[in-house]
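Colleague: Chain by chain, the residues:
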Amino acid sequence: MSQAILVADDSSTMRKIILRSLLSLGADQVVEAGDGAEAVEKFVPGQFRLVLTDWNMPKKSGLEVVQEIRAQDKAVPILMVTTEAERGRVVEAIKSGVSDYLVKPFTAEALKEKLEKHGL
Amino acid sequence: MDVAYINPFVEAASTVFKTVLNCNIERRLLSLKKTHAPTYEVSGVIGLSGKATGAVVLSVSAPVAFKVVETLLGTHVEEINPDVVDAVGELTNMIAGGAKTALSHLEMSIGLPSIVTGRSHSINFASRVPPICILFDTPWGPMTLEVGLETEGADGTGPNLNHN
Numbered sequence: 001m002s003q004a005i006l007v008a009d010d011s012s013t014m015r016k017i018i019l020r021s022l023l024s025l026g027a028d029q030v031v032e033a034g035d036g037a038e039a040v041e042k043f044v045p046g047q048f049r050l051v052l053t054d055w056n057m058p059k060k061s062g063l064e065v066v067q068e069i070r071a072q073d074k075a076v077p078i079l080m081v082t083t084e085a086e087r088g089r090v091v092e093a094i095k096s097g098v099s100d101y102l103v104k105p106f107t108a109e110a111l112k113e114k115l116e117k118h119g120l
Numbered sequence: 121m122d123v124a125y126i127n128p129f130v131e132a133a134s135t136v137f138k139t140v141l142n143c144n145i146e147r148r149l150l151s152l153k154k155t156h157a158p159t160y161e162v163s164g165v166i167g168l169s170g171k172a173t174g175a176v177v178l179s180v181s182a183p184v185a186f187k188v189v190e191t192l193l194g195t196h197v198e199e200i201n202p203d204v205v206d207a208v209g210e211l212t213n214m215i216a217g218g219a220k221t222a223l224s225h226l227e228m229s230i231g232l233p234s235i236v237t238g239r240s241h242s243i244n245f246a247s248r249v250p251p252i253c254i255l256f257d258t259p260w261g262p263m264t265l266e267v268g269l270e271t272e273g274a275d276g277t278g279p280n281l282n283h284n
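Protein chains in written order, with this note's numbering: chain D, 1 to 120; chain Y, 121 to 284.
Just chain D, same shape as in the assembly (with noise of 0.2 Å):
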């Protein structure tokens, strides 16, 4: 089984704390990706046990980073990082494929429960 995680998001701070909590939970192998493109062109198929983007990124958006890993690979959790909370939005991109949300601005904790409950 894959151990690796993929995390996009266009801030290097955002990425920061999520690596911090990931390595905090005993993940070792994460890509970062700085926009969508780069986030779609790190993902392989089946190397991934879980995808964590945010929504709003150059290049690609979030939702087509979701569109397209979700076109390859049916099964990989992904998880949206976003400060998109309205209740529209959610349900776009619940219909695009995400697994699960979480809104920013969030506390450690709450990032923790979000990767616990994806096996971390």
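Hint data in this document are derived by calculation from the structure and do not stem from the laboratory. Keep in mind the model is a prediction, meaning the values are calculated, not measured.
Selected chain D positions facing chain Y (in silico; Cβ < 7 Å):
#1 14
#2 85
#3 86
#4 104
Here are the simulated DSSO-like pairs of lysine-lysine, each with C-alpha atoms no more than 30 Å apart in a straight line:
#5 Y:171 <-> D:59
#6 Y:138 <-> D:114
#7 D:59 <-> D:16
#8 Y:187 <-> D:112
#9 Y:171 <-> D:95
#10 Y:187 <-> D:16
#11 D:114 <-> Y:187
Cβ coordinates follow ideal geometry from the N, Cα and C atoms, glycine included.
With the hints as your guide, set chain Y onto chain D.
Modeller: Below, chain Y without anything else, positioned relative to chain D:
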């Protein structure tokens, strides 16, 4: 500008600081922004568009920005570096996102943050309405949030950044 648009930004800023920086900030003065000069050395700018159009600018002094990075990332910084720039951009993003959710009836989208540093630049709100400047006290010093929003039908299109 409708003052009802201000509270969601004030509340979003308080929530962001409480949640990710574990600190309370206090709102001080409200004023109309009369100059194009940024209030402090590091400013995050995000455009909003929808049934209301405009921008939000978070402006913090360098010492406040350094403390933000120290708290978020646990790294000590003494100069404006990429971590400082990115952290202020992400704070601005979370504040704009929180306010956008509270103002969901305006069906706004938010743009990607731009960050300007130093004092030798100006931020022009492309709106006929002067932005409202909200002064806050943080545990590390003051910061401001400038909000300029114009409702549908007006010709505001967001901010222009001019570097002098």
